[in-house]
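A.B. asks: Single-letter residue listing:
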Amino acid sequence: MGALIKNVLLYTVLLIWLVAVVAPLLWVVASSFRSSREFVEDPFGLPWLITGSPYADNPDVETPVEAVASNYQKAWVKSKFSRYFFNSVLVTTLSLLGILTFSSMAAYVLAKFVFPGSRLLFLYFVSGLMIPAQLVLIPLFFQFTTLSRWGTAILSPIGYEVHLHDTFTGLITIYIALSLPFTILVLTGFFKSLPGTLREAGIIDGCTEYGVFRHVMLPLAKPGIVTAAIFNFLGIWNEYLFALVFVSSDAHKTLPLGLAAVSMQAQYKTDFGLMFAGLVIVLLPTLLVYILLQRQLTRGITVGALKG
Amino acid sequence: MGTRAQVLHDRITTACISIGKESQHTWIANTEIRGIRAVPRYVQQEICAPLPATHEGPNPALLSLNSQRVQDDRAPYVEKTFNLMLRHDCPLSRTLARRDYSRVLISGEFYFYCRPGRLAWPSRSLYNPRVSKLRKLGWPAAAAFALAGATAFTTWDGALRAARPDSGTTRRLEAAIFEGGYGINWHQKIAAQYTRAHEDDGIVVDLWGEPRLAEKVKPRILRGDPPGIVLESRLPFWLMISTGKLLPFDDELAKPAYGSDRPWRELFIPGTLDAYTSDGSVYAIPTSFGAWGCWYDARQFREHGWSVPKTWPEFEALCDQIQAEGIAPLAFQGKYPYYSWFTYVSLLQRCGGLSLINRVNGLEPGVFSEPDALRAARLLQEMAAKYFQKGAMAMTHTESQLQFVNNKAAMIFCGVWLENEQKDTIPPGFELRCFNVPAVEGGKGNPQMFNGLGMEFIFMPAEGQHSDIAADFTRYLVSPLNAPDMGESIGVISPIRGGTPRSAVSPALQSVLDMMDEASINGAPGIFSCRLDTLLLEWHQQVMVPALGALLEGSITPEEFGKRMDDGITRVHANPDIIIPNFTQYDPAAFGEAT
Amino acid sequence: MKRTREQTIFIVLFLAPAFLLFTGFVAIPGVRALLYSLQKWDGLSTPEWVGLANFRELFTDDGVFLLALEHNAFLTLVAGSMVLSLSLFFAAVLHRRVRGATVFRVAFFFPNVIASVAIALLWVLLYSTTDFGVVNGALRWMETTLGWPDIDLPFPFTGKQYLIYSIVPMLVWTMTGFYMVLFLAAMEGIPETFYEVAELEGASPLSQFWHVTLPLIREVLVVGIVFLAITSLKLFEPVWIMDNEWPSRDTHVMATLLYQKVFSEYNVGYGSAVAVLLFVLVFFATLVTLRLSRREALEY
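Sequence lines, in order, name chains W, P and R.
In terms of my numbering, the first sequence opens at residue 1 and continues consecutively.
In terms of my numbering, the second sequence opens at residue 309 and continues consecutively.
In terms of my numbering, the third sequence opens at residue 904 and continues consecutively.
Derived by calculation from the structure, the hints in this document are not laboratory data.
Be careful, since some hints might not be right.
With a straight-line cut-off of 25 angstroms between C-alpha atoms, the simulated PhoX-like cross-links for lysine-lysine are [to be verified]:
1) W/K78 with P/K524
2) P/K731 with P/K716
3) W/K74 with P/K698
4) P/K731 with W/K78
5) P/K563 with P/K752
6) W/K222 with W/K112
7) P/K497 with P/K563
8) W/K80 with P/K497
9) P/K752 with P/K618
10) W/K192 with W/K112
11) P/K694 with P/K618
12) P/K524 with R/K943
13) P/K716 with P/K698
14) P/K694 with P/K871
15) W/K80 with P/K524
16) W/K78 with P/K497
17) P/K871 with W/K74
18) P/K716 with P/K694
19) W/K78 with W/K112
20) P/K524 with R/K1137
21) P/K731 with P/K497
22) W/K74 with P/K497
23) P/K497 with P/K524
24) P/K716 with P/K618
Using the sequences provided together with the hints, build the complete structure.
C.D. replies: As structure tokens, this is what we get:
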């Protein structure tokens, strides 16, 4: 009897938390399917899309389908979420590519070769984990100005200028550099766990060092790379502070930045539909990644915690 | 070490692999696999496919893996066979079938796969020295390819861009406009007009704006890439002036205004150019004239029989009356306590006269703790405590103004931009009118005067491009030529004296013009303003706004409020970096006040 | 073993990109931040060396920094302890293989993959003082049915003086799932036999948790606590977004303060000094973490 009560109690607590976590998100999704009028009339009802609009006879009121279309249309086209989405995809993809390439290269060498200073170099990279991003934020800002000036000085004879501020190049460079310590730490550990005999065998068989790395080690390290990729993806896709500082024009804004800007305006114009649609657009890719890679994500949790 | 052939021969191995419940990579670490190189990559990968977490014991998919390596004298690489025994439902069997493995059914449950005599992993290219040489040759090519890709991307991205084209082609002026109550539509219209007029000169004005313009422009000034002109009030102007990052408008002010033959400078309402004048140079041009008052719905007042108060007791009586009828007397933009600053300054003048305003502008120590200043703070606090709408302190400006135009609250203190800001939400029949901040009993100030000043200033950053166009466009924007349209379109009263005709503006703005007429004394405009909010940005943000918020919420007394404000001023004086320029003193006598 | 020339080239080539990027965009800026913190600079004129004056200002000024630090400490302690106890509780419950454990685990973790900007915006909506503010709605319902809490509604949760408190539930909502999964992973590494023995000895589930689970996940627990502290120290988006991108002394945390000092008030020295202190705090926290975390945990 006591056990039953205890179980009921436990489940109640679990279910309450489940509702607390899931309900707001469902509310966002449901609200994105509703017009502002609908939302104001009953903020917590089901979308008229499902229940049917009470204004079905009134031709002046947009139909639920139109409301959904207009929310997403407004968000996607007018508020430039398509642009932000593309930017985020571009920045995230290229950053991930850079991070994984450079980190796996460095990590492989650090894990599998012993040379004078190799241990020190590893510590050098890993010490980056102790540097909060905010510390380098300020100097990087001014350094970008300086680097742009130097670059322009070098390239001006051939008629070119260099601009690192407010470009994808600048942002991607920062993302790559800042993610190196974490990724190198994870991948070094990973490469270390692969048997060294694999490399020796490959070399004896006439394979080049690069060949061993590319065709033997990299495929074997795939699980580690996937874990690192997931955490870096989430980090970069959701990153806000650096985008805020290093990007200013709409043409280069990433999704979190665009979402913040648009919602600020949507609040003033009380356009709730637009705001919720924007939220959904930001949530959706991470939700997909999470559902697909949920196992790898939670398995690599100890590593992920380091990402901070 | 023996010969290569010997080594290879030694490595004919058999690996029997049993996999526990650990995930894929651990089996490699935990298992001795000397012959691993004989196993093709795709086999490895698929065997590696993770097992369910609940699985225990050896990998059920793979029973044994057996590989043999045969030295072939004709070629420097190895041919080998490898055989696997797999469970029939192992996913790997599908791959093997695709790769021409022959399959023999051993029992009901297991298959034996074999394929003899075929070149296996690693691929031929890695083993063949000729190909390897090619690869070595390929390095420069790969590097060149990467460089080309990077160049293409950075060029597309704008990180690498062609230097500014020579003069003669289009010159673009970037104008950044604060998107506040007036919006930017009118400014865009003027920019388009200007662009059209200068089509032949190849001049284009790109005008954009947003509500948080200051936060967007500040980093750009810091990195040396500001817009050509900026209309924004929250930039560190004095620092920029002292470091030469702003250009003066002096030369431009001497030129005749658009729509007049007189020099531009002479047309401004006296006092409106003062705010950003340093050593006789004018660094900013106001685009609008700001007046602060209390707004109400004349229709609602009529219906309820309320009348406009002239004195503070009348005002309080009116508020009590409104409250008794179940309506909130005052809406307030509580999320931004700064909105009460102008009411506070008005009350300072009402209580202490222009001489108190002079002392505040002069940053006199202890000025906010003077009895008159304390009285102003007390009036403000009492008003907030008694008459502000419930929840007002959490409302943004639009939320609270929405409450006002929907008659949920009867009055609101606000600037002239209110009408335009709420244009879309003011319901039909709403008669928006304005009255001056009421006189206080025994106050030293002339109650006809009002808090009025040049606003929405335009600045010209020195590092912006095309300063000649910037100055000329500003002169065009703020001119007798465009002032009537500005009044009509967005309800702005121009800082150009008499530039905004009564006929051009709405009844709401006419009530403001009436207020101006009433305040006019001996031909001089009866306006006063306090410069601290625009002069001391850090004090503004870190001291004034939080102190006002606390005062309005009632968490500090007027005395504590005065002390916090004064302490802030003391710190300003202690900080040698803060530039405090001279200012024009008001003459109390000229406006009929006792000195 | 003698290294061939090819090998040397390989090592250098493979290390070079990461080394250059890390040095140029992390290490050098890190050092420059230290230098900036010793300067008085507005970003426009020439910098001036002032020694430790910026740090003195941090602690004497008008107390903005101390307030920000206090807010960080408050969030670390209050939100941190709530996250810790809740996540331990959930982990312990799910560890005992309740029905639907996977569903709970997957759902609880989910807020961690959402952009913090989106979370902050969502909570602004939840806290709204208008009709759709769920939290105020719930409070109003409680007040009418239970007569408690007896306060003025709607309550301005995102008002300046309540914001820091209002962030706590949001952080708990977001982070509990993460630490739950972290602790759960550690608990799953505990051999079942330990519990069997405890069971035989007649230990209650509570004392099993106390005497078996907790001591055995101690290392991960410590790591978790330090992570929590670091996360709370670096906090930026919640305050920034919920206070309309314009925090003031009532709401500042260190990260928002340094951003505003530099990019809005052009006080680069002061902002860098805040950044350096932030670094010192994070540095020690991370040092402790790396010390305490088992190598295997990092390498799987």
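A.B. asks: Each hint needs a verdict: does it hold in this structure or not?
C.D. replies: Results for each hint:
Using a Cα cut-off of 25 angstroms, the hinted pair W/K78 and P/K524 holds, with the two alpha carbons roughly 21 angstroms apart. Our distance criterion of 25 angstroms between C-alpha atoms is met by P/K731 and P/K716, whose separation comes to about 17 angstroms. For the hint pairing W/K74 with P/K698, the CA-to-CA distance comes to about 34 angstroms; that exceeds 25 angstroms, so the pair is violated. A hinted pair counts as satisfied when its Cα atoms are at most 25 angstroms apart, and P/K731 with W/K78 qualifies at roughly 22 angstroms.
The straight-line distance between the Cα atoms of P/K563 and P/K752 is roughly 41 angstroms, outside the 25 angstroms bound, and the hint therefore fails. Distance hint between W/K222 and W/K112 is fulfilled; the C-alpha atoms sit about 17 angstroms from each other, no more than 25 angstroms. Straight-line distance between C-alpha atoms of P/K497 and P/K563 comes to about 24 angstroms, which keeps the hinted pair within the 25 angstroms bound. Of the supplied pair hints, the one linking W/K80 and P/K497 holds, its CA atoms being roughly 23 angstroms apart against a limit of 25 angstroms.
Restraint check: the Cα-Cα separation between P/K752 and P/K618 comes to about 16 angstroms, which is no more than 25 angstroms; the hinted pair holds. Annotation: proposed proximity of W/K192 to W/K112 holds, straight-line Cα distance about 7 angstroms (limit 25 angstroms). For the given pair, P/K694 sits about 19 angstroms from P/K618 by alpha-carbon distance, which is consistent with the 25 angstroms threshold. The straight-line distance between the Cα atoms of P/K524 and R/K943 is roughly 23 angstroms, inside the 25 angstroms bound, and the hint therefore holds.
Annotation: proposed proximity of P/K716 to P/K698 holds, straight-line Cα distance about 11 angstroms (limit 25 angstroms). Our distance criterion of 25 angstroms between C-alpha atoms is met by P/K694 and P/K871, whose separation comes to about 24 angstroms. With a CA separation close to 18 angstroms, the supplied pair W/K80 and P/K524 stays within the 25 angstroms bound. As the CA atoms of W/K78 and P/K497 are separated by approximately 20 angstroms, the hinted pair is consistent with the 25 angstroms bound.
Taken as a hint, the P/K871 and W/K74 pair is broken in the structure, with Cα atoms around 50 angstroms apart against an allowance of 25 angstroms. At roughly 16 angstroms between alpha-carbon atoms, P/K716 and P/K694 fall within 25 angstroms of each other, so this suggested pair holds. Only pairs whose Cα atoms come within 25 angstroms are accepted, and W/K78 paired with W/K112 is rejected, the gap being roughly 52 angstroms. Using a Cα cut-off of 25 angstroms, the hinted pair P/K524 and R/K1137 holds, with the two alpha carbons roughly 23 angstroms apart.
Between P/K731 and P/K497, the direct Cα distance comes to roughly 18 angstroms. Compliance with the 25 angstroms bound is thereby established for this hinted pair. About 24 angstroms separates the Cα atoms of W/K74 and P/K497, which keeps this hinted pair within 25 angstroms; it holds. Of the pairs offered as hints, the one joining P/K497 and P/K524 holds, with about 23 angstroms between alpha carbons and a cut-off of 25 angstroms not exceeded. A distance of roughly 23 angstroms separates the Cα atoms of P/K716 and P/K618; the hinted pair therefore holds under the 25 angstroms criterion.
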